[in-house]
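Chain residues, written in single-letter form:
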Amino acid sequence: MEQKVKVKLFSLYADAVGRSEVEVLLDLGGRVSELLQSLIREYPVLSKAFSLVKPIVLINGVRAPEDQLITGSIEVALVPPSAGG
Amino acid sequence: MESRKVIRAEVTLSDVSLNDVVEELISKTAGTGAGALASFIGFVKGLVNGSSVIELEYTAYEPYASRKILEIAEEESLDEDVAGVYVVHRVGRLKPGEPTIYVFVAARSREKAFEKAKRILERVKMEVPIYKLERRSDGEYWVIGDGLRIPRGKLSDLK
Chain H
1 MEQKVKVKLF SLYADAVGRS EVEVLLDLGG RVSELLQSLI REYPVLSKAF SLVKPIVLIN
61 GVRAPEDQLI TGSIEVALVP PSAGG
Chain U
1001 MESRKVIRAE VTLSDVSLND VVEELISKTA GTGAGALASF IGFVKGLVNG SSVIELEYTA
1061 YEPYASRKIL EIAEEESLDE DVAGVYVVHR VGRLKPGEPT IYVFVAARSR EKAFEKAKRI
1121 LERVKMEVPI YKLERRSDGE YWVIGDGLRI PRGKLSDLK
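As they're listed, the protein sequences go chains H and U.
For reference, each letter of the first sequence is one residue, going 1 to 85 in the working numbering.
For reference, each letter of the second sequence is one residue, going 1001 to 1159 in the working numbering.
Okay, chain H solo, but in the shape it has when bound (with noise of 0.2 Å):
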């Protein structure tokens, strides 16, 4: 069994997908490494933009751990480190 997740991406992961939200297949019990792995399957650019920054999983707005489950109504977003000031 899948599930659709949609992503919010922002800076230049949305610059370089070219959309600011994409929807990804992950199995049930898919993890937040497994989603980096979905993006990068899904949108290839991405492997580039990973390598170039890090990045950063959001979930409810909360950074998340590569270990994390993804399930249920939950907002998911790709983000760069924080760039404020």
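Mixed in with the good hints, there may be bad ones.
As the list claims (entries may be wrong) - Here chain H is said to cover these stretches of chain U; the calculated rule only asks that three of the stretch's residues, wherever they fall, bring their Cβ under 8 Å from a Cβ of chain H:
id	region
1	1064-1077
2	1123-1129
3	1132-1143
Because the hints were derived from the structure by calculation, they are not lab data.
Model, not experiment: these values are computed from the prediction.
The C-beta atom is built at its ideal place from N, Cα and C for all residues, glycine as well.
Using the hints provided, position chain U relative to the given structure of chain H.
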């Protein structure tokens, strides 16, 4: 957790009237033993790495950016010597010289006011999901973290 010490903490499009903020902070904290007000204003540089800056375009991931600013303001105002905190980060397109971030801290001592204003500033820069694109005379750059710049064209070339 909700602190009455936090006068304002959020992301906004508009600039701030300094006189109004100073008046509000002083009037709300004078009776609590405060006697110092430290302020920090960040503004857009007109020159970076020898090139003229045309504008910065800030994007915030809302509502989480405003929530995080509020969380930082509330955490830092738990200090009993802090009497009032006002922190606002602007988004949108900002030209050189335009303010980008305002941090004001009223406290019982000047040391505490300066220390907390610096700490809040650094935390907002590091922890709040805000991103920026720098448009310069020599091209466009994504600013990553505290200063790394990725040329925008470099990503287009990857496709």
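Here is what the structure says about each hint:
{"no.": "1", "hint": "1064-1077", "in the structure": "holds (count 3)"}
{"no.": "2", "hint": "1123-1129", "in the structure": "holds (count 6)"}
{"no.": "3", "hint": "1132-1143", "in the structure": "holds (count 4)"}
Of the hints listed earlier, there is not a single one the structure fails to meet.
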